[in-house]
Amino acid sequence: MMLNRSTKLVVISVVIVLLLIFLHYIKVLRPVENLVVGVTKGLLGYGYSISNEVGQKYLTYESKANLVKENEQLKEQLADLLHQKSDFTEQKDENEFLRQQLNFIKEHGFEFEIANIIGQQNLGIKSLLILNKGEKHGIIKGQPVLTSNEIMVGKIFEVERNRSFMLLINDDLSKVAAKVQNDDKTMGIVEGEFGLGLKMKLIPQTEIINEQDIVITSGLEEMVPAGLIIGAIASIEKEPEALFQQASIKSLVNFNKLTLVNIIKQKNEEN
Amino acid sequence: MKRISKHLIFILLLLVFQVAIISNLPFYLSHLNLILVCLMFLSVVYKFKLGIVYSFIFGVLLDIYSALPFGAYLIALTVTIYFAYKFFNQFLTNKSVYSLIGLTALSTVIFNAIMYSYKVLFYYNNAREFFSFDLLLLWIKTDFIYQLVINLIFVIVLFLAYNFTSNRFRAVFIDTTKQ
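Chains as they are written, first to last, in this note's numbering: chain A, 2 to 272; chain B, 45 to 223.
If you are wondering where the hints come from, they were derived from the structure by calculation, not from laboratory data.
By construction, the Cβ of each residue, glycine as well, lies at the ideal position given by its N, Cα and C atoms.
Honestly, I wouldn't trust all of these hints.
[What the hints assert, rightly or not] Incomplete in silico selection of chain B near chain A, CB under 10 angstroms:
1) 59
2) 69
3) 70
4) 72
5) 99
6) 104
7) 108
8) 115
9) 126
10) 130
11) 131
12) 143
13) 149
14) 153
15) 201
16) 202
[Said to hold, decoys possible] Listed next, the in silico DSSO-like pairs over lysine-lysine satisfying Cα-Cα at most 27 angstroms (straight line):
17) 28/A <-> 163/B
18) 42/A <-> 46/B
19) 139/B <-> 185/B
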């Protein structure tokens, strides 16, 4: 029987394969295998150490790259968390402010409008702050503006439909009718001093005032109710020849840190 | 003698690369079956007879460095070459990059199927997952697919490199277009 070329090749291949396997198992191939191992062992070891080094370098590079990536991710997370923290802190402050206002409303029976300070007007008058509430919200020129802890910080200076401008009490243009909480109920006018401080003027020489006395609004102004705290007397300037004495008032508020304010619109009729 | 030395050096280099170097390579390069790719390349570019001779030699060499019973690689490589040869003769008309890619893909599938069978028979038969379909899928996903892709990429690179230095493929292309 004649075999074709392809079949011959297959047969020969099968025979060779089987023969090799057989020779291996009867250990005839052992010397050849030993020789191969002897020759290639060194080369394989050398090749392995080189490739291992390359692999390690790549792993180091990869791990560095991963660290950089991880670092970037952590930075992003940190930024997110800081952002969240900032939001929470802001909300917490706002919450506290609102709680205080609620107590204040209950206590005094005023109608309030809470406003955010959204900017500062720098048109020569430094202490003019922009509020996010305006005519639409019932804001009128002259209404007093308070902080959360019931301290007067200014008055509405100008009103537009959706926003208003508040003049800080320490501005040179600011004037508020005030009285000292002493036995004489000493009256005077609190004026701002170039945005730097407050001064109570027009205090009759005969009146006795003391340092640390609390100065409050007198209620003589139409829009400003009586009893709003302005500050405490820090020092008294009394000159014998002058008709009036005056006192420096220290406000209990840091005017640079105002974010939320409270505008007193009117006395709540229900209370 | 010079010719034999050339072959010996080539075989030695391939063995060192396959056994010692490739396994340590980073990324998915460690999945490359350099010997199989080279066998296919030699079979297509030169002669299948040369591929068969090489498969015997590499079979024995790989078996020496293998934990599988002796003959596993020898049989796997020889059977792979045989099927590649049959496929080439029956379905492919000429030597081209497409033939090369097709044969490499086919040989990778056959070779891996045989090797996987060995592994199942000799190693996994003690495990609960014997002939488990999940295990097969896992092996395909974590090993086989990468090997197939990397083998194909490598054979294309090999073809391009070879094509720069030889007319063996170009001549065939010209002949093919003239038909």
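Structure-based check of all given hints:
Contact between residue 59/B and chain A, as hinted, is supported at the beta carbon level, the nearest pair being about 6 angstroms apart and thus within 10 angstroms. For residue 69/B, the interface hint holds, since its Cβ comes within 10 angstroms of a Cβ in chain A; the closest pair sits about 6 angstroms apart. Taking 10 angstroms as the C-beta contact cut-off toward chain A, the hint placing residue 70/B at the interface holds, the least distance being around 4 angstroms. Proximity of residue 72/B to chain A is violated relative to the hint, the smallest CB-CB distance being about 12 angstroms (cut-off 10 angstroms).
With a least beta-carbon distance of about 9 angstroms to chain A, the hint placing residue 99/B at the interface is held under the 10 angstroms criterion. For the restraint placing residue 104/B at the interface with chain A, the shortest Cβ-Cβ distance is roughly 6 angstroms, inside the 10 angstroms limit, so the hint holds. Nearest Cβ of chain A to the Cβ of residue 108/B: about 5 angstroms, under the 10 angstroms cut. The hint holds. Taken as an interface hint, residue 115/B checks out: its beta carbon lies about 4 angstroms from the nearest beta carbon of chain A, inside 10 angstroms.
A least Cβ separation of about 6 angstroms between residue 126/B and chain A falls short of the 10 angstroms threshold, and the interface hint therefore holds. Here the hint on residue 130/B is kept, as its CB sits about 8 angstroms from the closest CB of chain A, short of 10 angstroms. Because the closest C-beta pair between residue 131/B and chain A is about 13 angstroms apart, greater than 10 angstroms, the hint is violated. The interface hint given for residue 143/B is broken, as the beta carbon of that residue sits about 18 angstroms from the closest beta carbon of chain A, more than 10 angstroms.
With a cut of 10 angstroms, the hint placing residue 149/B at the interface with chain A is violated, because the nearest CB-to-CB distance is about 22 angstroms. Interface restraint check: residue 153/B against chain A, minimum CB-CB distance 20 angstroms, threshold 10 angstroms, status violated. The closest approach between the C-beta of residue 201/B and any C-beta of chain A is roughly 19 angstroms, which is over the 10 angstroms cut-off, so the hint fails. Annotation: interface hint on residue 202/B violated; nearest CB of chain A at approximately 20 angstroms, more than 10 angstroms.
Taken as a hint, the residue 28/A and residue 163/B pair is honoured in the structure, with Cα atoms around 24 angstroms apart against an allowance of 27 angstroms. Between residue 42/A and residue 46/B the CA atoms are separated by roughly 24 angstroms; this keeps the pair inside 27 angstroms, and the hint holds. As the CA atoms of residue 139/B and residue 185/B are separated by approximately 31 angstroms, the hinted pair breaks the 27 angstroms bound.
Comparing the model with each numbered hint stated earlier shows that hints 4, 11, 12, 13, 14, 15, 16 and 19 do not hold.
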